[in-house]
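Following the hints, put chain L in place on chain R, whose structure we already have.
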Amino acid sequence: MSFPGEAEAPPLLDAQGLVREFAGIAAVDGVDVSLPSGGFLVVFGPNGAGKTSLLRMLGGGLRPTRGEVWLGGERIEAGSPRGRERVGVLSHQTFLYGHLTARENLRFYGRLFGLSDLDRRLQHRLGEVGLLERADDLASTFSRGMRQRLGLARTLLHDPDLVLLDEPYTGLDPHAATVLRTVLETLRDGRRTVILVTHNLTQGLELADRVAIQARGRFAWEGRSTDVQARDFEGFYRETVDRIEGLR
Amino acid sequence: MKLYLAQLWAVAWKDLVIEFRSRERVGAMAGFTVLVGVLFNYAIDPTLVRPEDIASGLVWLTIVFAGTLGLGRTFELEAQDGAFQGVLMTPVPRDALFLGKVLSNYVILLALVLIVLGVFGLFFSLDWGSSLGALVGALALGTLGFVAVGTLFSAVSSGTAMGGALLPILLFPLLVPVVIYGTSVTGRLLAGRPFAEVEGQLRILGAFALVALAVGAGLFRYVVEE
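Protein chains in written order, with this note's numbering: chain R, 22 to 269; chain L, 97 to 322.
Calculated from the structure, these hints are not laboratory results.
Be aware that one or more of the hints could be misleading.
What the hints assert, rightly or not - Which bits of chain R does chain L cover? Going by a derived footprint, with three or more residues having C-beta under 8 Å, they are:
no. : segment
1   : 81 to 88
2   : 111 to 121
3   : 133 to 144
As the list claims (entries may be wrong) - So the derived list for chain L, only partly shown, Cβ under 8 Å to chain R, looks like this:
no. : residue
4   : L99
5   : I114
6   : G182
7   : P189
What the hints assert, rightly or not - To give an idea of the chain L side of the interface with chain R (calculated C-beta under 8 Å), a few residues:
no. : residue
8   : A102
9   : Q103
10  : A106
11  : K110
12  : V113
13  : R117
14  : S118
15  : Q176
16  : D177
17  : G178
18  : A179
19  : Q181
20  : L184
21  : T186
22  : E321
23  : E322
All of these numbers come straight from a predicted model, not from anything done at the bench.
Just so you know, even glycine gets a beta-carbon here, dropped at the ideal spot from N, CA and C.
Bound conformation, chain R alone (with noise of 0.2 Å):
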């Protein structure tokens, strides 16, 4: 997705044509998306509507059987380091191990990405997410909330251009999901671009500044938030999600 306007500004990412298929079916079925720096995307949609299958495209988990993925210039693509430390990925999987410190967690990571001054960027994002007093705790100790804070940590402790977030608030509690929505705050930071994929619409539209609606593999729908807030939009996804799905 683009808008007018956003032409003369290369795009950050830049997805064109994405399909993938598993046995003989689409689960993505020509997904375009481009997005500029600062730029933050909410997809909603319905279950099987293959929003996880296009974050994992974008992040390079993921082999497109059509269409190519490109970050600032370089191509993602699966199988390839490439571009990797660019992109930050945080699913309801916490991608941690519960025999690891939640230090050691991010030291393991931090050594993978190749990250220098390790131990600095450790104490900031601990302390970001609130766990700097349970560090050398095991993370198998921790409570839902806290790994998946602790999984946020591990997100951006490479400090990447691109975070692709897939239905991070799964499992959380209130007030974990408060602490949650508290940090990606801070991502609307104007130099990060961020993809949020999730089913709860008032969570998404608080920080999107951009929407799109997924059914069947398809872009249903696409705006900006300013269009959303003009119209009853829980009514309009349903609407719209039936109506490709063909309920209606």
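Okay, now just chain L, sitting in the frame of chain R:
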């Protein structure tokens, strides 16, 4: 190169710390080895068969069976909370990831080799004696090839519906050279034959390990990427 080695070591360090804390694989392999030693102790009549005549085969098969038990868990630990998917989203080269996993598995299986030598020495009153150094060297060389092939096929089997149950079916046919030459070297050393007699077979074990490492490092990305 420095970054590559740091990434490789980070993977191995992580696996070893997890194993040290959980003792999951070493515990299972050690338990298996002791039970096998006990069963062989009752199954073999020392008045009919001299234990030192069949010890090399028993040692190698115990290493292969117990080692497969441990190697099969290599990627199951990674599946918890999607951790391996997170690792694949980092810029770590896939061959460094493979070699890091081989290194940690190798350290774990060397611990198994020592346990096997201890158990069989105890139950069969074997005297590893003067050939202990060469014997450990032969076992270490053969184990390296075993670990390289086993780590690759553990990744293959973990991505299938059959999971770890598929690993022995894929792995054992490829281990035939390791078992043939490993058993031969071990048997000859136990029989007190001179080192020169096993030198060529040791070279073959070394060549097998190098080829397995190179092929595994080259193929690993095709196994783990979707």
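Checklist entry - Taking 8 Å as the limit, does the beta-carbon of Q103 (chain L) come near enough to a beta-carbon in chain R? => result With a closest approach of 6 Å, the Q103 (chain L) hint holds.
Next on the checklist: E322 (chain L) was flagged as interface toward chain R. Is the shortest Cβ-Cβ separation under 8 Å?
Outcome noted: holds (5 Å)
Item to check | Hint check, I114 (chain L) versus chain R [nearest Cβ-Cβ separation less than 8 Å] | outcome: Constraint on I114 (chain L) satisfied, holds at 4 Å.
Checklist entry - How about V113 (chain L): closest beta carbon in chain R under 8 Å, or not? => result holds (6 Å)
Checklist entry - Is the hint on G178 (chain L) kept, meaning its closest Cβ partner in chain R is under 8 Å away? => result holds (3 Å)
Next on the checklist: Quick check on P189 (chain L) please, does its C-beta sit within 8 Å of some C-beta on chain R?
Outcome noted: holds (6 Å)
Checklist entry - Taking the closest Cβ pair, is S118 (chain L) under 8 Å from chain R? => result Given a least distance of 6 Å, the restraint on S118 (chain L) holds.
Checklist entry - If you take the shortest Cβ to Cβ gap from R117 (chain L) to chain R, is it below 8 Å? => result OK, holds: R117 (chain L) within 8 Å of chain R, min 5 Å.
Next on the checklist: For the restraint on K110 (chain L), tell me whether the closest CB of chain R is nearer than 8 Å.
Outcome noted: holds (5 Å)
Item to check | Restraint outcome when E321 (chain L) is required to lie within 8 Å of chain R by C-beta distance | outcome: holds (4 Å)
Item to check | Evaluation of the interface hint that places A102 (chain L) against chain R, nearest CB under 8 Å | outcome: Check passed: Cβ of A102 (chain L) comes within 6 Å of chain R, closer than 8 Å.
Checklist entry - Hey, does the L184 (chain L) contact hint survive, CB to chain R under 8 Å? => result holds (6 Å)
Checked against the numbered hints above, the structure breaks none of them.
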